Amino acid sequence: MNRVKNPLPIPSECQHCGDTVEIVHHDDLYGRSYGDWPWAYRCKGCGSYVGMHPFTNIPLGTLATTEMREARKRCKSPFEALYKSGRLTRSDAYKRLAEKLGIEHEACHFGWFDVEMCLKAEQAAREIFIEIYRS
Numbered sequence: 581m582n583r584v585k586n587p588l589p590i591p592s593e594c595q596h597c598g599d600t601v602e603i604v605h606h607d608d609l610y611g612r613s614y615g616d617w618p619w620a621y622r623c624k625g626c627g628s629y630v631g632m633h634p635f636t637n638i639p640l641g642t643l644a645t646t647e648m649r650e651a652r653k654r655c656k657s658p659f660e661a662l663y664k665s666g667r668l669t670r671s672d673a674y675k676r677l678a679e680k681l682g683i684e685h686e687a688c689h690f691g692w693f694d695v696e697m698c699l700k701a702e703q704a705a706r707e708i709f710i711e712i713y714r715s
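Here this note's numbering is used: the first residue of the sequence shown is 581, the next is one more, and so on.
Don't take every hint at face value.
DSBU-like cross-link-like pairs, simulated, lysine-lysine; straight-line CA separation at most 35 Å [as the list claims (entries may be wrong)]:
1) Lys664 <-> Lys653
2) Lys675 <-> Lys656
3) Lys700 <-> Lys680
4) Lys624 <-> Lys656
5) Lys700 <-> Lys653
Label-pair distances were calculated between CB atoms; the ranges are [as the list claims (entries may be wrong)]:
6) Lys624 <-> Lys585: 28 to 36 Å
7) Arg612 <-> Lys675: 34 to 42 Å
8) Ala687 <-> Gly611: 30 to 38 Å
9) Glu602 <-> Arg714: 19 to 27 Å
Hints were generated in silico from the structure; no laboratory data involved. Small disclaimer: the values here were computed from a predicted structure and weren't measured. Positions of the beta carbon are idealized from the N, C-alpha and C atoms, including for glycine.
Construct all of the structure, not just a fragment, from the sequences and the given hints.
Here is the structure:
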């Protein structure tokens with residue numbers, strides 16, 4: 581539990597529809613288990629969900645609708661290219677992204693982003709990529 585530096589509170593109520601949140605097994609979400617810790621939080625009403633940090637009850641982010649999950653996946657690829665290029669470390673890429681988005685470094689988590697912030701993050705990552713290749 582100590583390795584999660586900035587944990588979010590455990591969700592009890594869905595921020596999208598206000599219904600109750602339950603813990604479910606990956607089988608209930610995906611039809612099979614993924615990883616060593618196959619647990620997630622899911623809203624009983626709208627079905628939004630989020631995984632848990634391994635071997636904890638700490639959510640990986642906020643409950644996400646289908647649209648939010650798609651946006652989070654889409655914006656992550658341009659960001660990952662920043663450090664996979666070898667020009668930035670992963671930590672430096674997060675720092676640059678946070679600066680570009682105008683948010684605190686500690687709040688720069690894709691699992692915390694809504695759709696609008698994901699779009700901004702995707703654009704910001706592309707801009708940073710251009711900047712690091714121009715220097």
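Comparing the hints with the structure gives:
Distance hint between Lys664 and Lys653 is fulfilled; the C-alpha atoms sit about 16 Å from each other, no more than 35 Å. For the given pair, Lys675 sits about 15 Å from Lys656 by alpha-carbon distance, which is consistent with the 35 Å threshold. Restraint check for Lys700 and Lys680: satisfied, since their Cα atoms lie roughly 9 Å apart, inside the 35 Å limit. For the hint linking Lys624 to Lys656, the alpha-carbon distance of about 27 Å falls within 35 Å, and the restraint holds.
A hinted pair counts as satisfied when its Cα atoms are at most 35 Å apart, and Lys700 with Lys653 qualifies at roughly 13 Å. Between Lys624 and Lys585 the C-beta distance comes to about 30 Å, which sits within the given range of 28 to 36 Å. Separated by about 36 Å at the C-beta atoms, Arg612 and Lys675 satisfy the suggested range of 34 to 42 Å. Between Ala687 and Gly611 the Cβ separation comes to about 33 Å, which falls inside the hinted range of 30 to 38 Å.
With their beta carbons about 49 Å apart, Glu602 and Arg714 fall outside the hinted range of 19 to 27 Å.
The earlier numbered hint that this structure contradicts is number 9, and it is the only one.
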